[in-house]
Amino acid sequence: QVHLVQSGAEVKKAGSSVKVSCKASGGTFSNYTITWVRQAPGQGLEWMGWIIPLLGRTYYAQNFQDRVTITADRSTSTAYMELSSLRSEDTALYYCARIVGASWFDPWGQGTLVTVSS
Amino acid sequence: QSVLTQPPSVSGAPGQRVTFSCTGSSSNIGAGYDVHWYQQLPGTAPKLLIFGNGNRPSGVPDRISGSRSGTSASLAITGLQAEDEADYYCQSYDSSLSGVVFGGGTKLTVL
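Protein chains in written order, with the working numbering: chain A, 1 to 118; chain B, 1 to 111.
For the record, the hints were derived by calculation from the structure and aren't laboratory data.
One thing to keep in mind: the hints can contain errors.
What the hints assert, rightly or not - Covered stretches of chain B (in silico footprint by chain A; criterion: 3 or more residues with CB under 8 Å from a CB of chain A, positions within the stretch not fixed):
hint, stretch
1, 15 to 25
2, 49 to 60
3, 67 to 76
4, 79 to 85
Said to hold, decoys possible - If the Cβ cut is set under 10 Å, some of the chain A residues that face chain B in the computed set are:
hint, residue
5, GLY8
6, GLU46
7, TRP50
8, ILE52
9, GLY56
10, TYR60
11, ASN63
12, TYR80
Please read all numbers here as calculations on a predicted model, not as lab measurements.
Here a beta-carbon is modelled for each residue, glycine too, at the ideal position from N, C-alpha and C.
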């Protein structure tokens, strides 16, 4: 059974960058597509982008195209999401998930809280 | 403003049936893209509840069902239980945005 474990909470200054990791176990990482979703405090879910680790191919949501970079290290079965030029509105829980059937997300990581302070 | 529209809240008494609506447009649900549903219990990550409009992953009870029609989708829970109290989100794909879209979520309160 696939299990995703994310890195711990981060506190960052506005204008800096953050890199969150997502380590997979229980399956064949190269066969996955990993996606990232964020949730601001008290708000809904917002899709950020995905990566196919086998191909290194990425696709980003329009809202994040200029600031997000998603990468993957097949040797450690770990995906990364880096968000740059942080602002207070980026304070949120960031989740990774596996895309199944090219469509739905399952399972999800436990989430990583990123707090951006000015 | 979410691309998929969900009512902010629904409520029901234990044992009752509740439904959640998810309204889209011709560029997402109406274009035939599948709808998926997630349950988010307080303080936890979202969990897949329904995939491909009406399919339940293993472990999800059959009192939970989903459907899609036209530009909308719906989720139904029968035999409501206190443990069902959570936020519920619909998800699909939008061809105009060329990306994944979520509804704003519906908070279920079990009275």
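Now for the hints, and whether the structure bears them out:
With 0 residues bearing a CB less than 8 Å from a CB of chain A, the stretch 15 to 25 of chain B misses the requirement of three and the coverage assertion fails. Counting residues of the stretch 49 to 60 of chain B whose CB falls under 8 Å from any CB of chain A gives 3; the rule of at least 3 is met. Counting residues of the stretch 67 to 76 of chain B whose C-beta sits closer than 8 Å to any C-beta of chain A gives 0, which falls short of three, so the coverage hint is violated. For the stretch 79 to 85 of chain B, the stated coverage by chain A is violated: 0 residues have a C-beta nearer than 8 Å to a C-beta of that chain, whereas at least 3 were required.
A cut of 10 Å between beta carbons decides the hint on GLY8 (chain A): the least distance to chain B is about 15 Å, and the hint is violated. Evaluation of the GLU46 (chain A) hint against chain B yields a held restraint, the C-beta minimum of about 7 Å falling below 10 Å. The beta carbon of TRP50 (chain A) is positioned within 10 Å of a beta carbon in chain B (closest approach about 8 Å), and the interface hint is therefore held. A cut of 10 Å between beta carbons decides the hint on ILE52 (chain A): the least distance to chain B is about 15 Å, and the hint is violated.
Interface restraint check for GLY56 (chain A): the shortest CB-CB distance to chain B comes to about 20 Å, outside 10 Å, so the restraint is violated. Nearest Cβ of chain B to the Cβ of TYR60 (chain A): about 8 Å, under the 10 Å cut. The hint holds. Interface restraint check: ASN63 (chain A) against chain B, minimum CB-CB distance 9 Å, threshold 10 Å, status holds. Of the supplied interface hints, the one on TYR80 (chain A) is violated, with its beta-carbon coming no nearer than about 18 Å to a beta-carbon of chain B, more than 10 Å.
Violation of the numbered hints given earlier is confined to hints 1, 3, 4, 5, 8, 9, 12; the remaining hints are satisfied by the structure.
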